[in-house]
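Chemist: The task is simple: from the sequences and hints, build the whole structure.
Heads up: the sequence shown begins at 12 in the numbering used here, then just goes up one per residue.
Simulated from the structure, these hints should not be mistaken for laboratory data. No residue lacks a Cβ here, since even glycine has one placed at the ideal position from N, Cα and C. Be a bit skeptical, because a hint or two may be false.
As the list claims (entries may be wrong) - Each pair of labels, with its calculated beta carbon distance range: (1) Gly93 with Ala320: 38 to 44 angstroms; (2) Glu347 with Asp200: 43 to 49 angstroms; (3) Glu219 with Glu347: 24 to 30 angstroms; (4) Pro196 with Glu162: 43 to 49 angstroms; (5) Glu169 with Glu219: 34 to 40 angstroms; (6) Glu172 with Pro196: 44 to 50 angstroms; (7) Thr36 with Ala250: 43 to 49 angstroms; (8) Thr178 with Arg332: 16 to 22 angstroms; (9) Thr33 with His224: 39 to 45 angstroms; (10) Glu188 with Asp30: 55 to 61 angstroms.
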Amino acid sequence: MVPEPSPGQPVNPSANPGDPPTEFTVRAVSLDDAEAIADLVNECMVAEIGIPWTEVEETRDDLTAPGRDGGADDALLLTGDGRPVGYLALYAHSPPFTEMEAISYVIPSLWGRGLNAWLLRLGESRARAKVGLAPPGERVVLRTARFADNEPARRLFESLEFSYVRTFWMMRIELAEAPPDPQVPAGIDVRTFRRGEDDQAVYAALAEAFADHWGGPFPPFDEWRHLAVDGAGSGFDPALWFLAVDGDVVVGAALCRASTPRDPDAAQVNDLAVRREWRGRGIGLALLHAAFQEFHRREIPRAELAVDAENTTGATRLYERAGMNVAYSWEFWEKELRPAAG
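Modeler: Structure, rendered in structure tokens:
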């Protein structure tokens with residue numbers, strides 16, 4: 012997601028970025044910057060892939076998430092001529108601090124000036140300052156991301172000594188025709204979410220299920236609830252949160268929203284997970300079909316979800332069986348900040 016550098020432009024891979032390039036200054040963000048950040052990110056995304064990516068409410072939710080401290084220390088704004096021209100988001104606030112992420116954005120008119128390279132080196136410098144928070148002896152990495160066909164970003168990441176590690180897909184389905192009825196396994200019921208009653212049980216199911224997935228740890232409960240339920244940009248609708256229950260136990264969930272800033276005409280499945288003990292029984296497909304039926308009933312023309320292309324739980328095969336296809340993809344690249352002991 013970082014279109015830098017211009018061909019042949021030298022890049023310093025040092026983690027110490029030094030001062031900002033001439034004519035620019037950098038500062039911590041405040042909540043008053045949320046609209047400017049959303050506009051900056053969307054300007055970059057429209058130039059790169061043709062669609063906006065966020066909205067001010069999502070940005071504000073991100074900056075106010077527990078542990079983010081309103082943006083201080085881990086969200087930085089690059090300014091030039093008194094206006095925001097670049098943004099760095101460093102996600103390094105959740106234990107065990109072994110997997111951190113830095114994403115940078117620079118307005119398209121300044122691509123090729125080395126600003127993304129400088130921001131990523133700044134992110135690495137700040138991430139290295141947090142390495143001591145990780146448990147002794149644990150490997151610590153910093154990750155960043157690019158859309159799969161962004162060749163300048165690939166050159167930039169290689170120059171900064173990052174290595175490719177994973178591809179994610181955005182999968183999509185058109186819902187012009189009514190989806191199949193959910194085939195719910197015997198002994199399992201599918202119902203919608205009850206706020207204030209199901210919060211902890213749903214969180215426990217997701218945290219267990221996603222422990223098998225690649226990437227950082229599932230967020231702490233208060234951060235998850237802030238971003239998924241309470242936040243103004245969450246798109247939370249309890250009628251679009253489908254739960255699979257076995258007696259009193261939540262064994263799976265499909266947490267959805269009716270639209271996103273990426274596509275106002277597409278519903279999104281934010282999370283779909285089934286606990287280990289209940290996998291292989293068709294619960295995931297039943298949840299997906301229950302969601303698709305509700306989207307169709309609301310006349311939402313399509314739905315999408317993001318998935319790890321190398322998911323070991325069979326998620327990609329499940330989505331393909333449900334009729335979903337890959338719309339676009341992005342990659343994660345990483346740099347080792349500290350090797351594992353021994």
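Chemist: Please go over all the hints and tell whether each is borne out by the structure.
Modeler: Hint check results:
1. Gly93 with Ala320: 38 to 44 angstroms: Holds, since Gly93 and Ala320 (Cβ atoms, about 42 angstroms apart) stay within the stated range.
2. Glu347 with Asp200: 43 to 49 angstroms: At roughly 46 angstroms between Cβ atoms, Asp200 and Glu347 fall inside 43 to 49 angstroms, so the hint holds.
3. Glu219 with Glu347: 24 to 30 angstroms: 28 angstroms, holds
4. Pro196 with Glu162: 43 to 49 angstroms: 46 angstroms, holds
5. Glu169 with Glu219: 34 to 40 angstroms: The hinted range 34 to 40 angstroms holds for Glu169 and Glu219, with Cβ atoms some 37 angstroms apart.
6. Glu172 with Pro196: 44 to 50 angstroms: 48 angstroms, holds
7. Thr36 with Ala250: 43 to 49 angstroms: The hinted range 43 to 49 angstroms holds for Thr36 and Ala250, with Cβ atoms some 47 angstroms apart.
8. Thr178 with Arg332: 16 to 22 angstroms: Between Thr178 and Arg332, where Cβ atoms are some 20 angstroms apart, the hint holds.
9. Thr33 with His224: 39 to 45 angstroms: 43 angstroms, holds
10. Glu188 with Asp30: 55 to 61 angstroms: 58 angstroms, holds
Of the numbered hints stated above, none is contradicted by the structure.
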